[in-house]
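Next come the chains, spelled out residue by residue.
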Amino acid sequence: MTPIELQTTSHLLDQQVLAEFIRHAGEIEHPREMIIDVLRAIQLHHGWVPDEGVELTASILGLTPVEVEEIATFYDKIFRRPVGRFVIHLCDSVCCWTRGADEIAAHLQKTLNIEFGQTTADGLFTLLPSCCLGCCGIAPAVMIKQQFYGPLTPEKVDELIATLRQEGSA
Amino acid sequence: MSQTTQLLFKNRVPGKTVFFKDFCANGGYQGLKTAIQTMSPLEIRDLVKAAALRGRGGAGFPTGVKWGFFPADKPGIKYLVCNCDEMEPGTYKDGVLLGADPHQLVEGMILSAFALQTQVGYIFIRYAYEKQAENLRRAIAEATQAGYLGKNILGSGFDFELHVHGSAGRYILGEETALLNGLEGIRPNPRSKPPFPAVRGLFGQPTTVNNVETIANIPHIVTGGAQWFKDLALTPDGSGTKLFGLSGHLNRTECFELPVGISLREVVETYGQGMWKNKQFKACLPGGASTPYLTREHLDVALDFASLEKVGSRFGTAGVTAFDDDTCMVAVTLNLIRFFARESCGWCTPCRDGLTMVRWLLEMLESGQGTPEHLEMLKDQLKNISGKSFCALAEGAMGPVAGLLTHFEQEIVDHIKGGRCPFCK
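Chains A and B, in that order, are what the protein sequence lines are. With the numbering used here, the residue at position 130 of the first sequence is 130, and numbering never jumps. With the numbering used here, the residue at position 106 of the second sequence is 106, and numbering never jumps.
Note that these hints are calculated values from the structure, not bench results. There's no promise every hint is true.
Unchecked claim - Example chain B residues on the side facing chain A (calculated, C-beta under 8 Å, incomplete): (1) Y92; (2) V164; (3) G166.
Claimed, not checked - Beyond 10 Å from chain B on every Cβ pair, some chain A residues (computed): (4) E70; (5) L124; (6) S130.
What the hints assert, rightly or not - List of simulated lysine-lysine pairs, BS3-like, C-alpha gap at most 25 Å: (7) K145(A) x K131(B); (8) K21(B) x K33(B); (9) K16(B) x K193(B); (10) K277(B) x K33(B); (11) K21(B) x K193(B); (12) K193(B) x K388(B); (13) K151(B) x K230(B); (14) K110(A) x K279(B); (15) K310(B) x K156(A); (16) K193(B) x K33(B); (17) K145(A) x K16(B); (18) K417(B) x K379(B); (19) K425(B) x K310(B); (20) K156(A) x K131(B); (21) K74(B) x K151(B).
The beta-carbon is built from N, C-alpha and C at its ideal position, and this holds for glycine as well.
Isolated chain A (complex conformation) (with noise of 0.2 Å):
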């Protein structure tokens, strides 16, 4: 295994936490098992995943980049492209989609001027789909940093981006 530079990982994972997985992976059976759990702790750090997240990685868990990558690649909340600072997952599974989430759809696209899957030009919101985020009942709802926010109206949509907005310029 590659020794892992300390160094030149401090933009990808707090160093507390890389110590602590490469401990956990040491002790463990199946280090394997961890993978999610550091590409998560990547992301939450950096934002996103990028090639040397997955390296890094693979050199706490023993496996190649690849098979990371296949793993990280698999998965729709990991990103292995940069996104906003809030990305916005908003549910277009049916309960949402019964209860108005088109109108959710439409009114999100316009008031941040991007379509889905793309970012505001000034870095704060990514727009994504996402299947049933388990708010089927307060419908329509969006997730956001794993909190969610429902049911939603184009009112209270305006009220939600003004709020995350002054929160993305504190």
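Dock chain B against the given chain A, drawing on the hints supplied.
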């Protein structure tokens, strides 16, 4: 409104999470104590079989029978895995349960692990349920502190460690063998069965995978007994209570613990408080996105495994999504198929290409460009996909398509004849 005995929601206070102290104050961990101190693992497995508990994750397989296949007495490491991937549209009950009362699952996991003699447990939880995962981590720490987890539990000599394992999206992880691959950190395509997980599961060892609600029921069965549990259901062949997650065009879209066998009418009218915006009930998905539609003629059907199979649908997860009479059922089915086609793992052709084909056919039909040939092709796909795919994803995806063709073929014909969706204003 009939009063239902509350087992899983007995401590539930909306907006709050119950932890160790309050859980124990209302009988928590009594089932575990009773089981470990007075019963053998085999006696517990037999009790669960006698209680006729059926899996609450959608497939409805009898839990006691599944446990009967498990080599509990085989030496070596064995695993108990809880499936909390809950990603089927219309299904949110496990999320509500773990938001309210995480010890229900933790006690159930320890008790089930004792019954199956597994030393290690995992709760595999979807990305969106981070709050629930935090609740579980705290509950596990509290149970460990109390001596209910770890080495020599309650002086029995039984050891059990329990872990929470996160995920990063994708519906296929709810398929039990894909989940095992995901847990191991390999690409989560489903595995070929046999060997079944009971023989070769997680890390190649005997493994049982059960749903959150299934596991959470076990301590209540131990405390109340098999006959009592069966009698909670309103139908003679039913058993227990069920968490019903209501959604869609209902006035009240909440999750309720209700008796198995309650009528669809009571769910819609009493608990859902009728249809949204004073419209009429047209149809529903009775148990999640993969269950064939019920219609107005089914309002008095008992919501239970056997009675729903009799009318060509499935009890599934009891996530009831209702649609009003202004809803286009072709559009509903298209929405559902878009979900399934996008979430296909791509491993087998009937699912990867077949669902894409079905999506295209429904898009043609819904947009008014469909022809009678498209309708025939849709029927043909039903024959080519159902029963032909590697796992249950595509099979489930075709459930609503089958329901559409059985109950709403005329709506498809109206789209073709009119050259447009008759419901689009």
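Here's how the hints hold up against the structure:
no.	hint	in the structure
1	Y92	holds (4 Å)
2	V164	violated (10 Å)
3	G166	holds (6 Å)
4	E70	violated (5 Å)
5	L124	holds (22 Å)
6	S130	violated (8 Å)
7	K145(A) x K131(B)	holds (11 Å)
8	K21(B) x K33(B)	holds (16 Å)
9	K16(B) x K193(B)	violated (41 Å)
10	K277(B) x K33(B)	violated (50 Å)
11	K21(B) x K193(B)	violated (43 Å)
12	K193(B) x K388(B)	holds (14 Å)
13	K151(B) x K230(B)	violated (34 Å)
14	K110(A) x K279(B)	violated (31 Å)
15	K310(B) x K156(A)	violated (44 Å)
16	K193(B) x K33(B)	violated (36 Å)
17	K145(A) x K16(B)	holds (21 Å)
18	K417(B) x K379(B)	holds (18 Å)
19	K425(B) x K310(B)	violated (37 Å)
20	K156(A) x K131(B)	holds (23 Å)
21	K74(B) x K151(B)	holds (20 Å)
In summary, the numbered hints that this structure violates are 2, 4, 6, 9, 10, 11, 13, 14, 15, 16, 19.
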